[in-house]
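There are 8 protein chains.
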Amino acid sequence: MTLKVYLSGEIHTDWREQIVEGSAGLDVSFQSPVTDHAASDDCGVRILGAEPDKFWHDAKGAKLNAIRTRKGIEDSDVVVVRFGEKYKQWNAAFDAGYAAALGKSLIVLHGPEHQHALKEVDAAALVVAEDPKQVVQALRYVLTGALPD
Amino acid sequence: MTLKVYLSGEIHTDWREQIVEGSAGLDVSFQSPVTDHAASDDCGVRILGAEPDKFWHDAKGAKLNAIRTRKGIEDSDVVVVRFGEKYKQWNAAFDAGYAAALGKSLIVLHGPEHQHALKEVDAAALVVAEDPKQVVQALRYVLTGALPD
Amino acid sequence: MTLKVYLSGEIHTDWREQIVEGSAGLDVSFQSPVTDHAASDDCGVRILGAEPDKFWHDAKGAKLNAIRTRKGIEDSDVVVVRFGEKYKQWNAAFDAGYAAALGKSLIVLHGPEHQHALKEVDAAALVVAEDPKQVVQALRYVLTGALPD
Amino acid sequence: MTLKVYLSGEIHTDWREQIVEGSAGLDVSFQSPVTDHAASDDCGVRILGAEPDKFWHDAKGAKLNAIRTRKGIEDSDVVVVRFGEKYKQWNAAFDAGYAAALGKSLIVLHGPEHQHALKEVDAAALVVAEDPKQVVQALRYVLTGALPD
Amino acid sequence: MTLKVYLSGEIHTDWREQIVEGSAGLDVSFQSPVTDHAASDDCGVRILGAEPDKFWHDAKGAKLNAIRTRKGIEDSDVVVVRFGEKYKQWNAAFDAGYAAALGKSLIVLHGPEHQHALKEVDAAALVVAEDPKQVVQALRYVLTGALPD
Amino acid sequence: MTLKVYLSGEIHTDWREQIVEGSAGLDVSFQSPVTDHAASDDCGVRILGAEPDKFWHDAKGAKLNAIRTRKGIEDSDVVVVRFGEKYKQWNAAFDAGYAAALGKSLIVLHGPEHQHALKEVDAAALVVAEDPKQVVQALRYVLTGALPD
Amino acid sequence: MTLKVYLSGEIHTDWREQIVEGSAGLDVSFQSPVTDHAASDDCGVRILGAEPDKFWHDAKGAKLNAIRTRKGIEDSDVVVVRFGEKYKQWNAAFDAGYAAALGKSLIVLHGPEHQHALKEVDAAALVVAEDPKQVVQALRYVLTGALPD
Amino acid sequence: MTLKVYLSGEIHTDWREQIVEGSAGLDVSFQSPVTDHAASDDCGVRILGAEPDKFWHDAKGAKLNAIRTRKGIEDSDVVVVRFGEKYKQWNAAFDAGYAAALGKSLIVLHGPEHQHALKEVDAAALVVAEDPKQVVQALRYVLTGALPD
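Here the protein sequences line up with chains A, B, C, D, E, F, G and H, keeping their order. Numbering-wise (this note's numbering), the first sequence opens with residue 394 and increments by one. Numbering-wise (this note's numbering), the second sequence opens with residue 394 and increments by one. Numbering-wise (this note's numbering), the third sequence opens with residue 394 and increments by one. Numbering-wise (this note's numbering), the fourth sequence opens with residue 394 and increments by one. Numbering-wise (this note's numbering), the fifth sequence opens with residue 394 and increments by one. Numbering-wise (this note's numbering), the sixth sequence opens with residue 394 and increments by one. Numbering-wise (this note's numbering), the seventh sequence opens with residue 394 and increments by one. Numbering-wise (this note's numbering), the eighth sequence opens with residue 394 and increments by one.
These aren't lab readings, by the way, just hints derived from the structure by calculation. Among the hints, a few may not be true.
[Said to hold, decoys possible] Where chain F lies over chain E, by a calculated footprint (3+ residues, C-beta under 8 Å):
1) 422 to 430
2) 438 to 449
3) 454 to 460
For every residue, glycine included, the Cβ atom is placed at its ideal position computed from N, Cα and C.
Put together the whole structure using the sequences plus the hints.
Written out as structure tokens, the structure reads:
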């Protein structure tokens, strides 16, 4: 059993690396959005031509990124969504809703300060974790039945 | 043609009333979440028993509210999601993602200050508006072909 | 908003009547399986001919009942599954699984003595209640936003 | 043709081993839930933190196990559900209903003492067997056309 | 509960009338194909222009009839398929397969002389009957729980 | 049986009126796109604000019109697509492909001069007609079994 | 591109071998039902126990065969259904209907004597052929674009 | 992540080769229709027998081509549709609509002269490009996050 996992959300800390490295040896394949903030913001206009209006600048980029994001979510068994400490992160919550509607197993990862604000997202999840280590432990358990010591 | 419209998101201003009243005479049926903030927060424990831990207090409520929210979205043709000026509003973005994954027509309503942060949500929408009046005009056009003067 | 509710499970107490009567005045439509135990057991052979082998006697009846059960679940928004004090009640758990796979909102109703044995079913539910009154309160809240005093 | 088979249900006898070993040489891939009873019960709290309330203790575990269970069922062609002699085994019946709603081919395995209580589950099955050997023979026939001597 | 029933198959006896009349007073709505044999055969060329080649003559008619047939099956809860004594009746078996793939409840109606030849169709059915009266009794039971005397 | 019919395509002749008037007395409900060419082109900017770039001017309008078009197609049993004598009419062919992918019954209406260019669209249709009168006759036959004299 | 092809229907001539051998070198994978007539008829009772009543004898076998048949159809891109000269062959027509409802590409193979009786099945097909050689040529064209000399 | 891309539309220039060659080294698999115009037009009658009527000549060919086209689209993650300078190209727009209804990521490729006529198609796309190089850059970005210099 290969578990296909999509890692959505916050791009300013190394949580993805922690999960990928912690999962070494497990039969998991990971996908992620493009996590280079500048590339992600400007990809549309860099490839398809400049836009003087910021709305369309962003629209071009967001639609191009959606090719990767939707494939990542639709191909996955599990979607992990990380909410960090800063920014609105509405795209993370959007991905969580998208994944929930498709019946994907949802793992939400956030600190206690966001507990109340994320209650609807957490209520749709099968796992709510605070630390990437817990996500690794959950993936290991799902794949092998092994629990942490 | 009756257009079924679900009004998701911000609950602290009268945007829903503006849309419902502005749509008088149109063949639209509206659904909304429970918009009484206190009731929405406490419904789970009030009906199903108190929880000492805030996480489960919120989980009980969020799951109960999900019965209404999911039916509202799944029954609808159009989902309007309003992002207000305050709070994280992750449930609004979650609803938008949920609606998008189900192929619902999405109308997003927000001020220009949120443009960049909502670019992924806007990119999934068929209409991005700033004012509830525009939503009414859009619904009127969809139903009757009439444009504003 | 009419809420379509299917009442599955235990047929030896009056929990269905309590919910239907308690919901008077609400915009709910209820469906149920045939709750006459003898008719439900013998319907197949009574209509389609006797079977000397109990297995086929039961198969004929169970398949005929499935026409009603599946329509009831598939047409519903909410499936309430009641587990009583006696019997194996595997058909109740089967209905719960069937409803969960279809994405129906699941309400499970059982006493505390079954808590551990029903943990997988409860984990798939949006509401876990012990008393039919709570189900009525939940339906009222979902439909009207009103909480019990 | 590789046949993907999920083995659901009873975890206290060696029926899974009998089927897996009996199927040696056939093009079958098997998946199962975590069958270590203690790990399965406690996985949630071991990874995600202790819960004083047994209900939430169990909820955390059941949801974590659901990641594996649902993937196992959704990925499969055939779901074998075994009902043993003891316990309520509502999760087995839940899995059977879940599989049936997804249109999976269902094989039910149980002794004659459970025949009447399982009539609705059996009626949804393509094979009802009493012995793991019969399941192996059925898989062999499906894959190769060979019948037992 | 209105039960939507599509009556497919043999068009040379009055079995449809027997079922419709026998169901008087029940909350059932019936749909059928066009049962005028000559009209059904020639509808395509009568409306869309003559074809010298019988294959295309038939193709035009069969496709036009498919508008009604597919809507009838797709809108239904129950599909009753009658196999009569004569002809190949492959369209009846095709409808049965179509209905089965859509998860419709299937009732098959045929005499004992066709039992072996229809074993795959019967195996997909929830009810196998020999007499239209049994179909009426089955529909009455499904809708009201009442059994024949 | 009410037949829901969506009338897509060419907007410069009165073919829709011919079909609607010819169908008087039949149990059909018709939906159409907005057929006022100027309103359809400018609706986006009139409601949501002007765009200096024609591409975004058109994008705003096309997305707003898509709310009506997609609902019309998704709600329908039959989609009639008319190709006229002029213009590229790619939106008509797009609607035909959209309808085909959803499994809608497709009726294509065009003159013989377009036969070869429309071969892929015609091949996906159940009826290919040259005259709106034939569409009316086809709808009458589907609903009532009556053929033209 | 590997084309997955299911070969349904008549089991008394070597048409499957002709197609499989003719397709040597093409990127096709073929699946078929069990074509040993006696094994197919008796598989149920041989594995699951004898039945005195021929109806249940056949039911057990037909359901066991359905595991293979449904997987074969559901996994395929193309379903070829062959109608031979003898027998009712309702299972072939059932498979054709099942495949059509799932949106599979249907190829029907039969002699001209069955043309009228198979008009509804042919109308649902993308290819109607008389000779297995034509099926091979069609598969070769689909995969490589090469036409017969 | 392998991206599956279907290249639909215009067959008279080398845009497919440009994209395939430009994508060397990327993890993409490409599918296309048969692009030999004469073979595509005549395949039906060459394999299945001549037709005196051009309509049926074309119908046979278009249906045979549909086996490849639909598999290509249904198997893909991304559908690129190219509109060239000549012809009606209704099959390209049909494919775009088909892909959109299935939720595929749509890339539209056309010159500025077609902008207004393609506004509904473009509005359903995630990328609108003028040059095959941009499509290559978009695929590279989606797969690797790398932007052009």
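Hint check:
{"no.": "1", "hint": "422 to 430", "verdict": "holds (count 4)"}
{"no.": "2", "hint": "438 to 449", "verdict": "holds (count 3)"}
{"no.": "3", "hint": "454 to 460", "verdict": "holds (count 4)"}
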